[in-house]
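Asker: Fit chain to chain and form the complex, with the hints in mind.
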Amino acid sequence: DVKVTQSSRYLVKRTGEKVFLECVQDMDHENMFWYRQDPGLGLRLIYFSYDVKMKEKGDIPEGYSVSREKKERFSLILESASTNQTSMYLCASSKLAGGGDTQYFGPGTRLTVL
Amino acid sequence: AQKITQTQPGMFVQEKEAVTLDCTYDTSDQSYGLFWYKQPSSGEMIFLIYQGSYDEQNATEGRYSLNFQKARKSANLVISASQLGDSAMYFCAMREGPSGGGADGLTFGKGTHLIIQP
Numbered sequence: 001d002v003k004v005t006q007s008s009r010y011l012v013k014r015t016g017e018k019v020f021l022e023c024v025q026d027m028d029h030e031n032m033f034w035y036r037q038d039p040g041l042g043l044r045l046i047y048f049s050y051d052v053k054m055k056e057k058g059d060i061p062e063g064y065s066v067s068r069e070k071k072e073r074f075s076l077i078l079e080s081a082s083t084n085q086t087s088m089y090l091c092a093s094s095k096l097a098g099g100g101d102t103q104y105f106g107p108g109t110r111l112t113v114l
Numbered sequence: 001a002q003k004i005t006q007t008q009p010g011m012f013v014q015e016k017e018a019v020t021l022d023c024t025y026d027t028s029d030q031s032y033g034l035f036w037y038k039q040p041s042s043g044e045m046i047f048l049i050y051q052g053s054y055d056e057q058n059a060t061e062g063r064y065s066l067n068f069q070k071a072r073k074s075a076n077l078v079i080s081a082s083q084l085g086d087s088a089m090y091f092c093a094m095r096e097g098p099s100g101g102g103a104d105g106l107t108f109g110k111g112t113h114l115i116i117q118p
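Which chain is which? The protein sequence lines are A and B, in order. The first sequence runs 1 to 114 under the working numbering. The second sequence runs 1 to 118 under the working numbering.
By construction, these hints were calculated from the structure, which means they are not laboratory data. Think of the CB as a built atom: it goes at the ideal place given N, C-alpha and C, for glycine as much as any other residue. Among the clues, some could well be false.
What the hints assert, rightly or not - The calculated lysine-lysine pairs, modelled on DSS-like cross-linking and capped at a C-alpha distance of 30 Å, are: (1) K53(A) <-> K18(A); (2) K3(B) <-> K95(A); (3) K73(B) <-> K57(A); (4) K55(A) <-> K16(B); (5) K110(B) <-> K95(A); (6) K57(A) <-> K3(B); (7) K3(A) <-> K3(B); (8) K3(A) <-> K110(B); (9) K73(B) <-> K95(A).
As the list claims (entries may be wrong) - Covered stretches of chain A, going by a simulated chain B footprint (3 or more residues, C-beta under 8 Å): (10) 39-53; (11) 73-82.
Extracted from the complex, chain B is given alone in its bound form (with noise of 0.2 Å):
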């Protein structure tokens, strides 16, 4: 089973409106984070938003939120206000066990290709 699922392969989506990336996770542990990515053409990984399994509240970061549904195990990244500059791959990733407790990798999802139209 996927460890990570992200549902939308691509979006379109206008200018100024508000964008939802979907992503649902699958872990037992207890203790985890979750991050998004944006990947532009130029292929470089920026990290947008980081989310604690045990944070109470919602990550934000200026036009970037987390929506972390614990129960349902969902973290889907709302972008407000979009802008063409936001057209890029989105990757959904998590981390297994706490914060500090080893150096192992994330495992990411497949991506969701977000398009700006203007």
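With the rest of the complex left out, here is chain A (with noise of 0.2 Å):
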């Protein structure tokens, strides 16, 4: 079975702080994600990685940045927390190619920024 695995699955920072959320994938997935999870808006793209030190910008990278130094390992970095960066954050990984291109998910890390 796939395992996507987030450091943590409750944090609370403080406005301004550098907050890292990391997430390991066990299955040796080319592709790596990070979404932000808000009431009503659904799922949206934050940054995504087809490989190591390769990144993209998805929908609402503004705010973050991402660090992709082993395959296996996805960051996703708030410089300078802000309360509207207090939201559910998914991380999750998939192969390069074949099998739909399945997104297998981590259980999350809810973030409160005060």
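Answerer: Below is the structure:
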């Protein structure tokens, strides 16, 4: 079974702090994704990566950056957290080709910025 | 315009009844993929079923089937014999472009909150 893990289920940070959200997958998937989920808005893509050290902006990249130094790990960074970044953050991974590109998700991190 | 539309914000269904969750999509691509995910209150997104745009047969996975009507751009999820554990949010999502063509993310609808009543 595909397993995607995220470093924290719940996180509380203060405005202006630098925040790291970590995601690890164990299925040797090439693609990894970060989404945020807000009530009434569904999931929106922040960033994705199709290879080590490669990254592409999604629909809402402002205020975020990412890092992919190893194939299995994809980090989302909030350089200076703000209250409007309070949200549920979901990481996903998928194979590069085949299998319908099904994305498998981690359990999510619920981030609160005070 | 929204690319994925789920018109039912919430549904109440009696246990053991069949459920149809609506999803319409909008794309100009000929090759695309459609997905359904379940999100229980725990928050994890669980993959349910996939339909490729060139698949001639409707996808099925156990009690889940996807009623794919390409001309109407509709991809409804059907759950047969609903169970209490089916209570959750359900999201329809689309990948535009061919499978393996890139790592573009999925576009999600806003979801349907399904509640199964005993």
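Asker: Do the alpha carbons of K55(A) and K16(B) lie within 30 Å of each other, as the hint requires?
Answerer: 45 Å, violated
Asker: Are there at least three residues in the stretch 39-53 of chain A whose beta carbon sits under 8 Å from a beta carbon of chain B?
Answerer: holds (count 9)
Asker: Is the hinted pair K3(B) and K95(A) satisfied, with a Cα-Cα distance of at most 30 Å?
Answerer: 24 Å, holds
Asker: Under the criterion that the straight-line Cα-Cα distance not exceed 30 Å, is the pair K57(A), K3(B) satisfied?
Answerer: 19 Å, holds
Asker: Holds or violated: are the alpha carbons of K3(A) and K3(B) at most 30 Å from each other?
Answerer: 29 Å, holds
Asker: Just to be careful, I want the Cα atoms of K110(B) and K95(A) compared with a cutoff of 30 Å; is the pair within it?
Answerer: Holds, because 25 Å separates the two Cα atoms, which is no more than 30 Å.
Asker: Tell me if the straight-line CA distance from K73(B) to K95(A) falls inside 30 Å.
Answerer: Since the Cα atoms of K73(B) and K95(A) sit roughly 26 Å apart, the hinted pair holds (cutoff 30 Å).
Asker: Does the structure keep K53(A) and K18(A) at a Cα separation of 30 Å or less?
Answerer: 21 Å, holds
Asker: Check, residue by residue, whether the stretch 73-82 of chain A contains three or more positions whose beta-carbon lies closer than 8 Å to a beta-carbon of chain B, and give the verdict.
Answerer: Check failed, 0 qualifying residues.
Asker: For K73(B) and K57(A), compute the direct alpha-carbon distance and say whether it is at most 30 Å.
Answerer: 28 Å, holds
Asker: Would the hint linking K3(A) and K110(B) be met if the CA-CA limit is 30 Å?
Answerer: 25 Å, holds
Hint compliance for this structure: hints 4, 11 are not met, and every other hint is.
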